[in-house]
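Each chain, written out:
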Amino acid sequence: MCDLAIRCHGLRKQYRTRNGTVDAVNGLDLEVRQGECFGLLGPNGAGKTTTVEILEGLLRATSGEVEVLGMRWGENDDELRQRIGISLQETRFPEKLSVCEILTLFRSFYREGKDPTAVMESVGLTEKARAWAGKLSGGQTQRLAVACALVGNPDLVFLDEPTTGLDPQSRRQLWGIIRDLGSQGKTTLLTTHYMDEAERLCDRVAVVDHGRVIALGSPIELIATLGAHHVVEFAVEDGRHPAPERLSVLPAVCEVRNEAKGVALTVNEPHLTIPALLQLLEMENLTLVRLTTRQASLEDVFVHLTGRHLDEEQTAPA
Amino acid sequence: MRNRLHPLRELLLARFRESFREPEVVFWTYGFPLLLAVGLGIAFRNRPMEQIYVDVEQHTSAAAVAEHLRGSPGFTVEVHLRQACRERLRLGKSSITVVPGEHYTFVYDPTRPESALARQRVDDVLQRAAGRRDPIPIREQQVQEPGARYIDFLVPGLIGMNLMGSGMWGVGFVIVDMRVRKLLKRFVATPMKRSDFLWSMVGGRMLFMFPELGIILGAGVLLFGVAVRGSIAGIFLISVTGALCFAGLGLLVACRAQHIETVSGLMNLVMLPMWLLSGVFFSSDRFPAYLQPLVQALPLTQLNNALRAVILEGAPLPAQAGKLAILVAWGGISFAIALRCFRWN
Ligand SMILES: Nc1ncnc2c1ncn2[C@@H]1O[C@H](COP(=O)(O)OP(=O)(O)O)[C@@H](O)[C@H]1O
Ligand SMILES: [Mg+2]
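Chains as they are written, first to last, in this note's numbering: chain X, 2 to 319; chain B, 545 to 889.
Rather than coming from a laboratory, the hints here were simulated on the basis of the structure.
The list that follows gives simulated cross-link-like pairs (lysine-lysine, DSS-like), each with its CA atoms no further than 27 Å apart:
no., chain 1, residue 1, chain 2, residue 2
1, X, Lys136, X, Lys97
2, B, Lys726, X, Lys97
3, X, Lys97, B, Lys737
4, B, Lys726, X, Lys129
5, X, Lys97, X, Lys115
6, X, Lys136, X, Lys115
7, B, Lys737, X, Lys115
8, B, Lys726, X, Lys136
9, X, Lys129, X, Lys115
10, X, Lys129, X, Lys97
11, B, Lys726, X, Lys115
12, B, Lys737, B, Lys726
Chain X extracted, bound-state conformation (with noise of 0.2 Å):
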């Protein structure tokens, strides 16, 4: 199979703490094929991080099989340093060096790879060329981070939540990077917590929750699943929402979920669905607050699978 870029199977990572073990990975597959965008969705502590430096070689795995490119760490290391790009989660880079000087030298560190002056020009960083490390915006940080992973003129190429905790106009334009990436043939495996980022650049997305895939697939075959395209979502004065068992026998409604701002329905058809609410709120004498429909996301795919938002903090595994 050399159309695949990262192949693994069973992967477990167990770490040891002072109270017991922790099975951040736990047993996971993956098949990340060449040149598409792959993403790796899930809350915090789900485990991306973990699999994704051992994918990288940067962690040992407790067990399973891991290949990347056709290779195995240990045995093609430098090989497979050379021809793999990262972005760690979280990386300081020297504050009183340039943007210039650091592409610089990790361009030197490759036998093969790309002028830093063009890999600025592709993150749009060249107005920042002499500018310190240490005086960059979180974005223009994160641009380097990533342009740090391209100027080894990778095939593959992991970023690790390369847009968390940026204004959207950063995120935006790191978008764009990820996207040219595609465009190159470079096969890209992406973490994040945002299901908008998965939706909008990841031909395929595992979704990752408690160190295992939960569910795998496009975007939109992940939302297809959830058997209907919108989300209606309302809320009445005081929050006494009507009964589950009345909601889910509206017409085209598929799921009724409370939330905590108010009752979320995955609808078929929602011109169907919503005069029948507004006719049954009525009906209980319960005035409306707010009323909105939206297309179903990632995100509801995620609430579907484990009642939890993305945004939550992982809790202890059960």
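For this one, chain X is given, so just place chain B with the ligands on it according to the hints.
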């Protein structure tokens, strides 16, 4: 594009740029030892002649006694009431009080060197004034030889201390800082050769060492007239060996530490015995015999001794081989252990 950049050179360049862009680093490596040398040099410079401060207690013959003492060079004499004399003696404003009378009484503290000296000199002057004849005629020939002064002793010690401090900090601190920043991890995620990285640390130390050595030695020679009797090449070689030795120790101290506080603590733990015992500010020969095996085993002792032998006595380099061997052993063993145990991420 093929690689035309050499990773070791780029790593060294990065070390250089970072260090020289950090004003604190520049100060602590170059300014501080210079200030220390100048400060101590001035404090301990040989004064023209030590004055002897004598008080004479108020008495009918006080004026005559004071007159005799003032007639001899080097005395500063004042006449005060008893109470004032005691007070001035206690505060160190005078070294001795002479109480005139039928007998003369010397009031002084024999444990204070300047008081003990003052007692002898005052005694001489007063006895001669009273008619004592010395049976043997004495002539004096005064010499002041560079090489025997405190500043001469101090300069090689400061060089040694500085090589130790900046070697340990320059390697240990920098590595742990990189580990905390996850930069080490980021580096090993590239095809960078780990040996290139470690050599850049050691090589950086070697290069920074030259100006350090030059500044302290230069200040000693130009400001205080320290005479360098041995060969410059010998001093160089000893310093390089010392710097390598402490770079190895720095690497060892930093090889596992995951916090700046840990490495700072370890570093002080390693350096403290050497600050105390290795003869930076006074000769390590002064420590009792039972401590000598420990004192002599410390690398800084050997470095200081070798530097002093070559700088002050003009000893030939081959005679320092034993001392250098101890330095090489410390450095080599530390480096080997550090390499085996190094935590990259
Ligand atoms: N070095 C470690 N020691 C102990 N537990 C760890 C360590 N690293 C990660 N973990 C735990 O493993 C789990 C997965 O972490 P991680 O892979 O960082 O998740 P993610 O990247 O998805 O947020 C978390 O519960 C985390 O607390
Ligand atoms: Mg993570």
